[in-house]
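Work the whole structure out from these sequences, hints included.
If you read the protein sequences in the order shown, they are chains H and X. Count the first sequence with our numbering and you get residues 26 to 766, in order. Count the second sequence with our numbering and you get residues 254 to 395, in order.
It is worth saying that the hints were derived from the structure and are not from the lab. Don't be surprised by glycine CBs; every beta carbon is placed ideally from N, CA and C. Do not take every clue at face value.
[Unchecked claim] 27 Å max Cα-Cα, derived DSSO-like pairs, lysine-lysine:
hint : chain 1 : residue 1 : chain 2 : residue 2
1    : H       : K503      : H       : K514
2    : H       : K631      : X       : K318
3    : X       : K392      : X       : K318
4    : H       : K232      : H       : K762
5    : H       : K663      : X       : K392
6    : H       : K503      : H       : K404
7    : H       : K37       : H       : K392
8    : H       : K389      : H       : K413
9    : H       : K388      : H       : K404
10   : H       : K137      : H       : K586
11   : H       : K37       : H       : K289
12   : X       : K327      : H       : K634
13   : X       : K392      : H       : K631
14   : X       : K318      : H       : K389
15   : H       : K179      : H       : K232
16   : H       : K426      : H       : K413
17   : H       : K631      : H       : K37
18   : H       : K503      : H       : K389
19   : H       : K37       : H       : K389
20   : H       : K392      : H       : K404
21   : X       : K392      : X       : K346
22   : H       : K640      : X       : K311
23   : H       : K289      : H       : K426
24   : H       : K634      : X       : K346
25   : X       : K392      : H       : K562
26   : X       : K327      : H       : K631
27   : H       : K640      : H       : K543
28   : X       : K318      : X       : K346
29   : X       : K311      : H       : K754
30   : X       : K392      : H       : K634
[Stated by the list, open to error] Sample of chain H residues facing chain X (criterion: CB under 7 Å; computed from the structure):
hint : residue
31   : R703
32   : L707
33   : W750
34   : K754
35   : L757
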Amino acid sequence: MATSNWSILDTKYAKQVNSLIAPDFTGVSSLIARQAILKGYCPKVSVHSSPTADHVARNYGFSNFLSFLRFFEYDLADSDFCLPSDKGEPNRIVIKFVDSLEHIIETQDANKGSFQGQSAPEKPAGRFPELYGEHILTNTVSRHMDRVNNEIEKTSFYTNARSFLWNAKDLESECSEVQNSKVQDSKVQDSKVQDSKVQDSKLQDSKVQVEQMEGSIYLSMLSKATSSNTLVPFEFINHPVVNLVVITADITIRDLQAVYSDQKRKYLDLHARFPWLDTSCMMTLFLILVDTDAVEQFQALSGLQDYCVSVLGEDSIGCTFSFEKASNSDAGLPLEKIHADSLDFAAAAKLRPDSMLSVEIAKKVAKPIHSAVDTIVYKKMVPFLRRKIQKWHEEYVVPRKSLTGRLLGAGRLWGSNSSHRSFFSFGYGKEKSESSESGAGDADTTLYNAQQGYYPSASPFVFLRRLGDWYFMMRDYKNAYTVYEMLKKQYLADRAYGYLSSLQEFMIVSLLLGASCKVNPLEKATDGKRVSGITAKIVSDVIAPFLDSSFYSYLSRCSLKTYTIRLTLVTAELFLVLGQSVAYCHERLFSRYALSSEACFIESQKLFKRLIDSKLVDNVCTGVLMQRLSYIYYCNDKPGVSGSEEDNQLQRKSYYTEFNPEKLTFPPTSHFGASRSRKSILWMLLCAKTLDPVINRTQVTLVLWYIENELRQTFHLGPESTVAWPYRKGSLFVALKASLE
Amino acid sequence: MSYYFAILGTNDAPVYELEIGTYRQSGNGVPHLPNELQELEQFILNSSLDILQDNQFKDTGLFSKNLDSFYGYKILSYLTQGNGKFLIMTDLKNHDESIRQFFIEIHELYVRNLLNPFYEINQPIRSADFDTRVRALAKRYL
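What follows is the structure, encoded as structure tokens:
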């Protein structure tokens with residue numbers, strides 16, 4: 026099986042990470058998981074395609090042009106190393122193509138029953154839709170697991186693991202043969218050694234593949250938990266920033282005008298239905314497809330582009346390729362394989378009628394589309410976002426932050442009639458007067474609507490939240506946190522609990538992502554400025570209270586289960602990212618107050634346990650979470666520390682080892698007690714029980730193989746060993762093994 | 254209200270185990286550990302050895318009253334000078350001092366057992382007398 030089917034796991038970045046932090050059976054490195062989180066929080070581009078553009082996509086075997094474009098997201102993910110440039114902004118950025126706004130709203134309306142929070146209908150805060158339907162997370166993980174199981178069952182590693190588990194063949198000795206092949210060379214004949222070497226290397230390759238596939242199960246869960254198209258008033262991460270209108274160059278000016286006005290009308294309708302939805306903040310961009318086989322379309326392109334700019338006032342880009350697939354393949358042109366994001370299998374399966382996750386198209390077709398996507402992102406979307414961010418920053422942030430602005434704001438506050446406002450909501454009076462002057466009407470256009478549970482789109486607090494989210498999407502976590510912090514008191518004063526929970530969630534994520542992005546274990550240590558990182562005080566004073574408050578608010582006040590899952594899972598994973606980054610970087614890079622890797626792991630463990638105990642997810646997902654928890658314990662002593670010279674000397678000079686070897690051996694003190702492998706075994710055992718051997722036979726077999734292998738390594742179990750406690754009747758381990766026979 | 258007590262040898266394998274209920278709060282000494290825990294108890298104690306090993310050269314005391322916990326059950330430990338370990342898993346709260354006394358008495362019993370020329374280190378303790386004495390101590394302290 027080609028590993029390229031697992032998208033994020035096969036990017037250049039993932040390969041670099043794997044070369045530093047080898048994937049284990051319990052899971053993949055958290056640095057790869059961070060990519061999945063970043064992809065979930067990336068800017069969204071809504072695609073509205075004309076019937077002729079969809080027809081072009083169907084020629085290439087896709088259901089519509091959106092499906093076609095989604096296959097080109099992988100290339101962006103592949104080049105995104107999530108490293109900031111010298112200016113502190115990311116060099117590359119990933120985007121996600123989504124359905125048109127009206128289609129998203131339609132789907133949301135259609136799924137209202139399963140999307141809606143389950144609280145009492147009279148509670149306005151409980152009317153927000155969930156990120157995804159009730160069983161979507163479980164279905165996604167189960168489907169992905171089934172697919173992984175099918176692939177794993179075909180591998181030689183699985184066959185060997187099964188036979189090892191029932192003592193038919195000793196896999197451990199086989200694996201150790203690979204490492205100790207030099208020792209064996211002298212003992213066996215050359216030809217046999219060659220054969221066994223080939224077999225062993227195949228087995229090792231197969232093991233690596235299985236480890237990667239196992240890791241993809243958790244990644245699929247994390248991807249699903251973080252990515253959603255659901256539009257809610259209290260956060261703008263899922264609101265598209267660009268509206269891409271895809272048309273073909275054979276369209277007439279009148280039709281183009283009709284498409285444009287039809288869309289504007291739909292947006293006005295949407296705004297009338299949902300006053301919190303502001304489509305004016307979106308950038309409209311025309312993607313004009315030009316057929317290379319039709320010369321007249323080249324001339325039409327410039328006319329259409331001129332019309333877009335001069336009459337409609339919108340930007341446009343052209344993309345030239347052959348509309349007919351047959352003409353390319355017949356010519357025997359070089360082909361390029363493009364991949365869909367296979368971690369979200371359910372979504373990926375919808376992209377093509379044949380459910381193929383990778384397709385081959387001619388390079389001369391793929392190249393202009395790659396180039397068009399790059400133009401959309403780097404020449405259109407990013408400059409647009411920067412312009413808007415700067416504008417809003419100057420309009421809404423600067424007056425609140427500057428001393429003059431604060432004093433004037435306070436003066437206006439006392440001078441105004443709004444006696445119920447908090448003293449600390451500086452600048453409030455200014456916005457009110459502005460909205461009144463502009464004729465926007467009464468105070469309702471900016472105030473929180475407690476009945477419906479939203480701020481209208483004209484409210485400055487909505488603009489500030491959008492600004493914070495856009496900073497966040499551009500990975501400027503410091504500014505994002507500053508903007509979020511400005512909103513907190515206002516949301517609390519208005520008792521806008523949905524807004525407040527989401528705000529606190531993003532404050533936590535900004536802090537953790539910001540800290541983890543500053544350290545990069547893949548780069549060599551330099552004697553630069555020390556990174557302050559996350560301190561224990563930040564955890565106890567900011568992260569822990571915000572987390573508790575958001576967890577409670579999401580779950581009890583707003584009844585938003587999926588948001589609670591996202592909050593806990595992402596925070597737990599980001600603590601792991603931070604812990605692993607600290608562990609693999611040189612300690613001189615960090616300030617002495619920064620949280621140690623072990624402390625980060627403990628925080629992460631706490632949150633994973635909290636999510637498991639909250640019973641918010643079903644057994645399959647709980648099993649996957651337990652496996653991840655086991656991975657955190659496994660990481661505790663990684664990277665391993667080689668015994669220092671002092672330790673070795675102590676070991677040699679030890680009185681006890683010399684005269685009474687049975688009594689005490691002097692352990693290597695530098696890394697003694699750092700391992701948590703026994704904890705890892707316990708959680709893997711619980712994972713096997715939760716996954717259920719009857720339902721997930723393949724997974725449970727592999728988990729039990731892992732436990733058996735670890736037990737043998739920890740206790741040096743062998744034929745002469747007297748340690749028998751794991752194999753007693755009545756032990757869960759034995760019961761699970763028996764149920765597999 | 255129950256206890257699971259184990260003595261682990263220097264190789265971290267159990268040499269003696271006892272499940273016993275409390276004699277306090279009108280208990281009769283019959284253990285009431287749930288099945289889910291019974292099938293896992295060895296693995297739970299085994300996992301807490303990670304923490305014990307971590308603390309071994311940091312703490313000077315032999316007794317640790319908050320070594321680890323697992324879903325409401327707390328684990329207490331006593332580390333002998335010869336690297337033997339006594340571990341108790343219990344759902345009883347606020348009995349740390351009596352458990353410490355119990356460990357001290359058990360330590361004496363354990364050392365006596367080690368002095369037995371017919372006993373080999375790390376072998377299971379099968380002496381009926383030892384078992385009776387441990388149960389008597391449990392009745393007195395637990």
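ask   = Which earlier hints can't be squared with this structure?
value = 5, 8, 11, 13, 14, 17, 18, 22, 23, 25, 27, 29, 30, 34
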